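A.B. asks: Sequence:
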Amino acid sequence: MSSPLVTRFKHLSTSSLAHQSPLPARTSPLVLDRETGVLLKRHNDMWFDDGSVICRAEDTLFRVHISQLARHSVYFRDMFAAPQPPSSNAANTRYEELRGLGVNIDTTPIIYLHDSAEDVGNLFTALYDGPTLGDNGKQDFRRVEGILRLSNKYIIDSLKAKALAHLSKAWPLSLKAWDTREDIARTHELETNHRFYPNPIAVINIARETDAPSLLPSAFYDLARHSYTQIFEPSEDDFLYQPPSSVQSLSSADMQRLCLAKETIQHAITSLIQAMGNSQYLRHAQYHSVQAHSRRVSITTGVCLSAATCRKDFSELVDLATQHYLFDRERGCLDPLYVAEELGQLKSTEFSECIACARSLETWAARERERMWKLIPLWFRLEHPTALESTSTG
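The numbering used here applies: residue -11 is where the sequence shown begins, and numbers increase by one.
It should be emphasised that the hints constitute simulated quantities derived from the structure, not laboratory data.
Being a predicted model, the structure only gives us computed values, none of them experimental.
The beta carbon of each residue, even a glycine, is placed where N, CA and C say it ideally should be.
Incorrect hints may appear among the rest.
[What the hints assert, rightly or not] Below 30 angstroms or equal to it, Euclidean Cα-Cα: the simulated DSSO-like pairs (lysine-lysine) are: (1) LYS157 <-> LYS29; (2) LYS29 <-> LYS126; (3) LYS150 <-> LYS126; (4) LYS362 <-> LYS250; (5) LYS150 <-> LYS362.
[Unchecked claim] Okay, the calculated beta carbon distance ranges per label pair: (6) LEU27 <-> LEU366: 50 to 60 angstroms; (7) PRO231 <-> GLY265: 23 to 33 angstroms; (8) GLU177 <-> SER259: 22 to 32 angstroms.
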């Protein structure tokens, strides 16, 4: 792996341009990169007076400790172990104003990091203070995404593991964890009418960039629940809207996966609704009713006492679900896990005259949800399908 460019920023000096207004009190002095004309600023927190290395990212300077970077990062450890180029007198002259900031320009290396200043600030803060892991909402993802990206780039394995474990709570491998995140999302959306979690396209891209395939199945599934218009031409009111300055898109290969999977998902929902009306569990219930020799059977035994009525009810439920999800394209029409959950509750045990069939429907729906959850990696043609876990696994 190639190391970042180590430089002495030969064209740095404190800005003293005549047309600049005096800096307000307590404002960090600006440093001019005379080669590019860019004014550089100190980071508010990650500037330590006893720091032994200065890192530049975009227009921000960080003064941190070589020992701290080398302790956590294999990348920085190897880089600092290599012989450093000597500084030049000309460069030191241009650094003269940095002496006023307490920097020994004769011995302090300056490293140019080709990363965003926000990401570098979050990485260094995590190394010194520990990572701040929040609620997995949009703002939290923006911070943790940067930590994951740079901890992967600079080989900080422990920090990468923490960031990935945190993101996995929102983009999980288990159906139980998925249901938990969905409850959080629905509550937030009902209260605010805004999406809680970040755009799944960003999750897919960071998973690809950092070799984190465990995030892919749930992120792809979340994205596939939206229409093509919402994905490619979202309005400002849509959950997937991205400001022009931060638009992300899928690779062509992942775009193909999405399109193929959306077609498979539509077939899955159609098959799910049709399967609900095949009444195989009703025939099973009738068999047990015959074995009971026509004696009165308690509803607690799980035997259907009114097969004809229940068969008619299921037929009506199939018609209702077909109209709602396939024709009217109502909420959840692209979400087979949601559809299965709703179908399982159509014949509620609280109000149904046949408790046995109501419970049978709930059991069938739960089984179908687990079956489909495990199929998600295959639906999206993921190169190395990650084994997804059922509801029974945390």
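A.B. asks: Take the hints in turn and mark each one as holding or not.
C.D. replies: Here is what the structure says about each hint:
1. LYS157 <-> LYS29: Outside the cut-off at roughly 36 angstroms; violated.
2. LYS29 <-> LYS126: Status holds; Cα separation ~27 angstroms.
3. LYS150 <-> LYS126: holds (18 angstroms)
4. LYS362 <-> LYS250: holds (16 angstroms)
5. LYS150 <-> LYS362: holds (25 angstroms)
6. LEU27 <-> LEU366: 50 to 60 angstroms: holds (53 angstroms)
7. PRO231 <-> GLY265: 23 to 33 angstroms: violated (46 angstroms)
8. GLU177 <-> SER259: 22 to 32 angstroms: holds (28 angstroms)
The earlier numbered hints that this structure contradicts are 1 and 7.
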